[in-house]
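Chemist: Quick note on numbering: the numbering used here labels position 387 of the sequence shown as 411, and the sequence is numbered without any gaps.
It should be emphasised that the hints constitute simulated quantities derived from the structure, not laboratory data.
Source: prediction; values computed, not measured.
By construction, the Cβ of each residue, glycine as well, lies at the ideal position given by its N, Cα and C atoms.
Be a bit skeptical, because a hint or two may be false.
[Stated by the list, open to error] Pairwise CB distance ranges, derived in the manner of DEER restraints:
| # | residue 1 | residue 2 | range |
| --- | --- | --- | --- |
| 1 | Arg-456 | Thr-252 | 43 to 49 Å |
| 2 | Thr-42 | Thr-128 | 53 to 59 Å |
| 3 | Asn-382 | Ala-35 | 50 to 56 Å |
[Claimed, not checked] Straight line, CA to CA, 30 Å or less: simulated DSSO-like cross-link-like pairs of lysine-lysine:
| # | residue 1 | residue 2 |
| --- | --- | --- |
| 4 | Lys-280 | Lys-267 |
| 5 | Lys-237 | Lys-27 |
| 6 | Lys-305 | Lys-274 |
| 7 | Lys-288 | Lys-346 |
| 8 | Lys-66 | Lys-28 |
| 9 | Lys-267 | Lys-305 |
| 10 | Lys-248 | Lys-280 |
| 11 | Lys-274 | Lys-237 |
| 12 | Lys-305 | Lys-237 |
| 13 | Lys-436 | Lys-381 |
| 14 | Lys-381 | Lys-391 |
| 15 | Lys-381 | Lys-288 |
| 16 | Lys-434 | Lys-227 |
| 17 | Lys-28 | Lys-237 |
| 18 | Lys-380 | Lys-434 |
| 19 | Lys-248 | Lys-267 |
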Amino acid sequence: MIKKLRIRITAVIMAGLTLLIAAVVVGIYIFMQHSETEETDKSVDSALTAVTREDSDKRSDDKKPEPPEASDPSKRSPSGNNRQPAKRQSSRSWISVLMSSEGTVKEIAYSSSYNKPDNEDEIGEAAESIAAQNSENGYIRLSDVSYRYFVKQSGGRTRVIFIDRTNQIETMGRLLIVLIAVGIGALILLFPISVLVSGWIVKPISRAWSSQKEFFANASHELKTPLTVISANIDVITSEPEKTVSEQDKWFEYIKSETGKMSKLINQMLYLSKDDREETKLLMSEFNASEAIEGVCLATEALAFENGHTLVTEIEPDISCKGDREMIERLANILIDNAIRHSVGSEEVKVALHHKKNRNILTVSNKGEYIPPEELSRLFDRFYRTDKSRTSSTGGFGLGLSIAKAIADKHKGMLTAASSPDRLTTFTFTWRE
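Start from the sequences and build out the full structure, keeping to the hints where you can.
Modeler: What follows is the structure, given as structure tokens:
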């Protein structure tokens, strides 16, 4: 499932990047195409300026013989004298065809950068056809050369101007190839990054999925054990129907004990489930935290004595705090109960409550087995036990510390655990007053 999800996320990321890169490529291409179109329009203006100047020269010098270079307007000066050519607005090659009033070709002029083509007759025929169609502009291909044409009215005359698009087409073609190559290269380089990103995205999902599977497996195990015991005791009772209830009281006590464990487990699971759905609401109030913790210590002192331990308290008096008193007491009870159950020998369990810098600090310490750092981070996981066989005689289901952590989070506090090589384990709950 996780692998398929990662593949899907990678595919979505790559699809998004492909669309983004494609949009950039198309945007650049359209922008350059627009720039080329503007350059073409400048070429038309340049052509009109040149041929208009030539017409003016011809009218002023109509009595003089036309020089051989008349067909090259860019080399003519406005007065017919030997002046420098006027500066052109565009470097595009163009052909200007002057039409007569009858719609026939009267004159063909070329830009200075344009060599006179061999298909001048074909150009003239094309100009006559365009003029007859009353078309303002368009595209045409003559002798394997692509042109964009414009029909312009200048000084009462009609001119068909052809702009050579050969260089433009080649430039745009090369640009498109470069853009596509860069886009493909970018996608190839971004693919491993997408794989890494998808792994980073899936990581918490994978962790949650693993935790969920572990949760169900552990819950099933914890429920199966008392059910097995109950079933076995019922079999014993039913195998001897002639005996009275009092005679089989031992088996009923076993059943009662196991149902009590199941009830406790189910209640803990329900609390965590409600907490996950954020249905657990705190009853916030001002209360004396010192009295609350002392009350919990008194209630658990008998349990400590039964397990051969001494409960030592170091509680600063009259510490006031705001929170849910019942939840704070439950958290303290969980920590003290956990410390008592995991203490070895006749070691003492120490409970301390102090106030420091607008914060209340509750610590519960005991001496038991050393807990390595890699296990400390998992102590608050649901159903987690340092005893992997789950046959520990300490009791519990591995949910108590998870509930304590949930209560601490509800109060916007911090619950941490520490263990030293001298077997001292300390749980610290810090929250604002």
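Chemist: Broken hints, numbered, in rising order?
Modeler: 6, 8, 9, 11 and 15
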